[in-house]
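Spelled out from the first residue to the last, the chains are:
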Amino acid sequence: MTAAEKIVSLRSTIARVGLQDAGVQTRVALGHRGTDACLHGGLLKGALHEVFPMAAGDGAAAAGFVTVLAARVAGGRRLLWLRPDFAALEYGEIAAPGLRELGLDPGRFLLLRAPDVTSLLRAGFDALSCTELGALVLEIPGTPRILDLAASRRFVLGAAQSGVTVFLLRWNAEAEPSAAETRWLVRAGRSRADCPPSALRATSPASGGGNICRGRTAWDWGYPLFEAELVRNRHGRAGFWVMEWNCDDRLFRAANPGAVVSPAADRPAAAENASRIA
Amino acid sequence: MPLADARAMLPALHVANADEAADRHLLESLADWCLHYTPLVALDPPHGLLLDITGAAHLFGGEKALLDRSRNSLCRQGLAVQGAIAGSAMAAHALARYRNSVVVPPGEDAKAVAMLPVEALALDPATTHAFRHAGLKTIGQAAIRKRSELTARFGAQMVFALDHALGQVNKPISPRIALSDYMAERIFAEPLVAEDAILETLRGLAASLATLLAERGEGARQLEATFFRADGKVRRIAITTAGPTRDPAIIARLFREKLAALADPLDPGFGFDLIRLAADRAERCETETAGFETRTNEEKEIAFLVDRLAARFGAQCILVFRPNDTHIPEAASVALPAQAAEPSKLLWKSIRGREDAPRRPLRMFAKPEPIEVPATEVPEGPPKRFRWRRVVHEMAFAEGPERIAMEWWRHQTPQPTRDYFRLEDVNGRRFWVYREGLYIYETGRPRWFLQGLFA
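Which chain is which? The protein sequence lines are C and X, in order. Per my numbering, the first sequence starts with residue 1, numbered consecutively. Per my numbering, the second sequence starts with residue 1001, numbered consecutively.
The following block holds chain X by itself, in its conformation from the complex (with noise of 0.2 Å):
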C-alpha cells in the first residue's frame, strides 16, 4: 500500500525509514538466542530463523512443546512470531508464513505444503509471476507437472526449491556457529543467579566435557561458556589455554579468573536458564601417565599459571622473550604473548665477549628519546655532557662508536646510520646514547638520541 493511501486512512500513522542495518543485527541477537534450543541456528533473512531441531526436540518434551515454547518466550520479548515445523528447511518457511503454528508429522510435507500459494517459495517476483500467468496458483499444482517442463520454463533453481518444499530433496542449512565437537550443557528449570552456583555449573559441565575429550585423547585450547538469560540476553565468554587441557578444576579456575576479572560483569537479571560450555578448540593430548615424562610438573605449573592471568589481564598482557633474526637494537628481541608463543628456532647470541662489559643496555626505550647535546670535541666524537629529560648529565668516561647501518633492504628511503656510544657520567650511571646521521655523507647536523640506561 502506498504512504498515500496509508496516511488517508490514518491521518496521525507515525512512519520511520527501514533500519535494515538494525533489523539484522535484531535478527542475529534472536540467533543467538535461539542457540538455547539448538546450536544449529541459521539466518533466513530479511525476517527469519531457521532451526535445525533434530535431535533436540525431546528435551523440551516434544516438537509441539518446543514451537509453543519457544514463540511463547519470543512473544514475551515483545516480538510478533510465527513459526511452523517441517521435514525439511523451505516447507517449514513456506508454513511458518501460510499456516502458523502447524507441525508436519514426517514424511507428510507434500502434503502440507500443497495447498500454500506459489508465493510460499520465496522465489523472485518475475517467476512468481510467471507461475500465475501459466495457472499454476499452488504448490500442489506445481508439484504434479513434469519436471522437464517446469525447468524448461522456469529454472532448474525453481525446481530444486519445489522439491526441497515438498521434501523430496534436502539441503541443510548453514547455522551461524560452526558446532563444537565438544560441547556440554545443563538446563535449569529454576533460573541460576548465584555466581558460586554458576561456578559449580561450570565446572560441572567441564566435567563433563573431559570425559567426551578423553575419549579422544584430546585436551582443549579454547573454550566457550554461553550464558543464556531468562529474558533472552545471551553472553558468550571464552577463554584460551597455553596447553590442551582437560582437568574441570583448572578450567573452573580460569573461568572464574575471567568473570573476576570482566570489565563488564557478567549479569544474571533473572537468572540463566542454560548454561552451556563448549570446546571451539581441542589439540591432541597425551594421556596423564605419558604426560608425565614429556611434559614436567613445572612446564605444566607454569602454563596454568600464564592462563589464570592470560584470563585476568588479557594473552596479550602476559609476554615472553623470543630472538629476532636482526642487528637493528629495538628490533633484536620481541615479546610475544606466552600462550601462543612457539618455542624459537633462533638462539639468544651474546655481543660481548668473555669478561667483557655488556654491550647492549637492559632498559630500552621503545622509541629512543632525543637529547640535546652541544657541539663535541671531535665531529665523530662522544658527547662530553648531555641533556635528557631537561637534566644535564655530565659524562666522565665513552666508549664507542659502534656503528650500526640500518636494514637497507627493507626500507625504501635510505634510514641514516647509527653511531652508538657507552657513556658512563660522573655518577656511575651507564647510558647508551647514538648519534643519527653521518656528518657530510648523510646529515649537516645530526641528531641524537638516548636509546637505553644500563645496569
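Same shape as in the complex, but just chain C (with noise of 0.2 Å):
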C-alpha cells in the first residue's frame, strides 16, 4: 500500500463515523475528496451500481470507468467480467495491454463471453454466489425487457448476501428504475482544455522534444480523464465530478487541482450527436 492509498484509506474510515449503515457492509474509497464525502467514505461494497455512458461515443470512456471502479472495489481479489460475445465486434475486445496500463493486473480478471443477455443474466446471478469474488462486472448492450426492476433487485439482494460488488455497464441503454445503489453518467474527460488547436501537431523525440502544453510534454497527455456524473445516490447527495484515474497510485484525483470544473453544459450537443457511433 502506497502513502497515498493509506492516506486515503483513513480518510475514508473518519468519513464513516458515525454512519448508520457501516455494519456489515463496508465502503472503499475511491480518491477523489469530493466523490469519497458525497458516498460517505466510499462506494459501497457488496451492492448494485450502474454505469452509463452519457453519449453513444463514450462507452469507452464508461468501460474504463467502469474497469477501474471494479478493480479498486475488488482489491486484490478475482474480478468476473460478463459479456455477450457478439459486444467485442462493437465495442472492442478487453485488451489485456490495456489493463495493465491502467495499474491493473490482468492476471485477476476473468471474462465469460456469454451466448445472449439472458444467459448472461443467469450466469451473473450464479457467480453472486461465489463470496471469494471481488467483483462482477455485467456489460449489457441495449435494454432487454428481462433486466428489469425484478432482476435488479434480486442482484442486490444477491450481492448484499454474498458480498460481491456488481457493476452494470450499458450500451445504447434507457435509464429505467432499478434497486441500485449508484448510477453513473459518464463520459470523457477533455484533457487541458486551454490548450490551442495548434498542438495538433506530430511529436516525437526527433522533431526537438514536442510541444510543451501546460508544463507537460505533448508526448504525455496525463492519465485517463473521466467526467463522471452522480445521477442517484440511494444514501446520498447527487454530483458532478471531473475525476482523473492515477494509474501509479490506483486511485482518482481531482482534475487539474486548481481548475475550475466546466460545468455540463459547455459543451456542444452538436458534436455530442456528430461523435455517435453509428
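It should be emphasised that the hints constitute simulated quantities derived from the structure, not laboratory data. Just so you know, not all the hints are guaranteed correct.
[Claimed, not checked] With a Cα cut of at most 20 Å, we get these calculated SDA-like pairs of lysine to any residue:
(1) X/K1349 x C/N246
(2) X/K1349 x C/R250
(3) X/K1233 x X/A1031
(4) X/K1345 x C/G107
(5) X/K1300 x C/R77
(6) X/K1300 x C/D126
(7) X/K1300 x C/S162
(8) X/K1349 x C/D105
[Said to hold, decoys possible] If the Cβ cut is set under 8 Å, some of the chain C residues that face chain X in the computed set are:
(9) R78
(10) L149
(11) R190
(12) W221
Every residue gets a Cβ at the ideal spot worked out from N, C-alpha and C, and that includes glycine.
Got two chains here, separate frames each, mind docking them using the hints?
This is the structure in C-alpha cells:
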C-alpha cells in the first residue's frame, strides 16, 4: 500500500465515523475527495452500481470507468467480467495490455463470453454465490426486457448476501428504474481544455521534444480523465466531478487541481450527436 | 446367389445397395448400447460385436441369462441376432454363427468348436479352400493335425486362429473405449425418468467414485456420465474441471449445470435403466488438510465457479488473460480457457513510464477498423480528422508516431510498418489509430486504421 492509498483509506474510515450503515457492508474509498465525501467514505461494497455512457461515443470512457472502479473495489481479488460475445465486434475486445497500462493486474480478470443477454444474467446471478469474487461486471448492450426492476432487486439482494459488488455497464440503454445503490453517467474528460488546436502536430523525439502544454510534454497527455455525474445515490446527494485515474497509485484524483471544473452544459450538443457511434 | 436368380424366384424383390458406412454406424451405436453389460466391447466387423463379460455375468443372473437378455433386447430393436458365449473370442465368434445361443462351460472350447466347419475360422477364402482341398472339413479334423504340418502348409496366422478357436491361446479383444480407472454404475429395475432422481443418482455415483479416488489419492479432471435408455439409445455427457475434484456435491452441481444448459436436452424417453459415471482423467490430489495450505479457499471457490460456468457455456467461453512475447499490439496478450490455462512464466510489462498516460488502449478491435483520413498536413503526421463508422471525428490533440515494425521473421511477404498515433478528439475521447506502410519506401498511398479506444 502506497502512502497515498493509506491516506485515502484513513480518510474513508474517518468519513464513516458515526454513520449508521457502516455495519456489515463496507465502503471502498475512491480517492477523489469530493466523491468520497458525497458517498460517505466511498463506494458501497456488496451493492449494485450502474454506469451509463452519457452519449453513444463515450462507451470507451464508461467502460474504463467501470473497469477501474471494479478493480478498485475488488482489491486483490478476482474480477469476473461478463459480456455477450457479440459485444466485442461492436465495442472492441477487452485488451489486457490496456488493463496493465491502467495499473491493474490482467491476471485477476476472468472473462465470460455469453451467447446472449438472458444467459449472461443467469450466469451473473450464479456467480454471485461465489463469495471469493471481488467484483462482478455485467456488460449489457441495449435495454433487454429481462433486466427489469425485479432482476436488479435480485442483484441487490444477492450482492448484499455474498458481499460481491456488482457493476452494470449499460450501452445504448434507456435509464430505467432500478434498485441500484448508485448510478453514474460518464463521458470522456478533455485533457487540458486550454490547449490550443495548434497542439495538433506530430511530436516525436526527432522533432525536438514536441509541444509543451501546461508544463507537460505533449506526448504525455496525462492520466485517463472521466467526467462523472452521479445521478442517483441511495444514501446521499448527487454530484458531478471531473476525475482523473492515477494509474500509479490506482486511485481517483481531482483533475487539474485548481482548475475550474467545466460545467456540463458547455459541451456542444452537435458534437455529441456527430460522434455517436453509428 | 446372383441377383438375376433371386429376381427369377421373387419378381417383387426389393433391391438396395449395401451402405457400409451406415452398417458401421449402426454397429457402433449397438456397441455403445452393449456397454450396458460390460465396458469391454469391441467391434467385430462387418456385423459382429465381441463382449468381454469376465466378471460381469453374475450381475445379470449368470451367463445364460445375460445372453438371453441381450439377445432379446436387441431383437426388440428390430435386429436379427445370434450369439454365443465361450472362453475365447474366436470360439465365441465361430459358435455365434454356427451354433446360435450356446454357452460353453469353461475349458470346453475345443470340444464345442470341433464339429464346426473350417469356414467358421473366418480365414481368407483361399486358405479355407485349401483346407477343404486337403480334406480338413471341420475344425476338429484340423485340430488333430500336427501344428508344424499346418504351419508349413497354411501359414502361422491360420494356426493361431485355430488355436485361438480351440481356446489354447488367448488374444484379448481391443475394446473401443479405453477402460476408465474409476467407474461407478447403477442398474435400475424400473427405468428412471425424473430429473431429480437422475441427479440424485449421479450424486450417489459421485460419492462411490470419490471413495475410489480417495483410496489412490487422486481427483477427477474429466468425468463422463453415460445414460442407457431402456429402448437402446445411449447418451454420453462429459464435464471437465479446472482442478482435481472428488467432492460429490461439486460433481453433482456441475452435472446439474451441464444438463440444464444442453442444447439437445437429455431425453429419458421411457427411462434410463443404467447410469454409469466414470472418471476419464484423474490427477494427483492432496488430501483436504494438506490442500488447505497449498490451495487457498479463494482458489478453490474460483475454480468451482469457473467449472460451473464452463459446464454451462463451454470451456472456451470462460477466459483468462496471459501475456504473449511479442510487440505486435493485437497479439501482446492472449485469452485462454480458464480451465486449461497454466500460469505463465512471462510477466505483464508496462509500456508507459511512471506518471505517464496509458500507451495501450483498454478496448481493442480484433480486426482493426479502416478509417477515412483526408490528406494530412505533414505526410508523416497525424490526422486532423477522420471518419469512422460514418461519423467524422475532429481531433484536438495528437501524440506520435510510435513506429511498430511487423515481425519479418514470421511472415513470408513483408508486412507494412505501422505508425501509431494516440489521438484525442474535441470531446476528449481518445483513439488509437495507425497508418499502415511508410511513404515512398513501402507505399504511395498508406491506409489508416483504428485499432482501439482509450478509457
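Structure-based check of all given hints:
Annotation: proposed proximity of X/K1349 to C/N246 holds, straight-line Cα distance about 18 Å (limit 20 Å). Restraint check for X/K1349 and C/R250: the C-alpha separation of about 16 Å stays at or below 20 Å, so the hint holds. Distance restraint check for X/K1233 and X/A1031: the Cα-Cα separation of roughly 11 Å lies within the 20 Å cut-off, and the hinted pair is therefore satisfied. The straight-line distance between the Cα atoms of X/K1345 and C/G107 is roughly 12 Å, inside the 20 Å bound, and the hint therefore holds.
A threshold of 20 Å between alpha carbons decides the hint, and for X/K1300 with C/R77 the separation of about 13 Å falls inside it, so the pair holds. For the hint pairing X/K1300 with C/D126, the CA-to-CA distance comes to about 16 Å; that is within 20 Å, so the pair holds. At roughly 16 Å between alpha-carbon atoms, X/K1300 and C/S162 fall within 20 Å of each other, so this suggested pair holds. A hinted pair counts as satisfied when its Cα atoms are at most 20 Å apart, and X/K1349 with C/D105 qualifies at roughly 10 Å.
The closest approach between the C-beta of C/R78 and any C-beta of chain X is roughly 5 Å, which is under the 8 Å cut-off, so the hint is satisfied. Of the supplied interface hints, the one on C/L149 is violated, with its beta-carbon coming no nearer than about 26 Å to a beta-carbon of chain X, more than 8 Å. For C/R190, the interface hint holds, since its Cβ comes within 8 Å of a Cβ in chain X; the closest pair sits about 4 Å apart. About 5 Å separates the beta-carbon of C/W221 from the nearest beta-carbon of chain X, less than 8 Å, and the hint is met.
Of the numbered hints listed earlier, the single one contradicted by the structure is hint 10.
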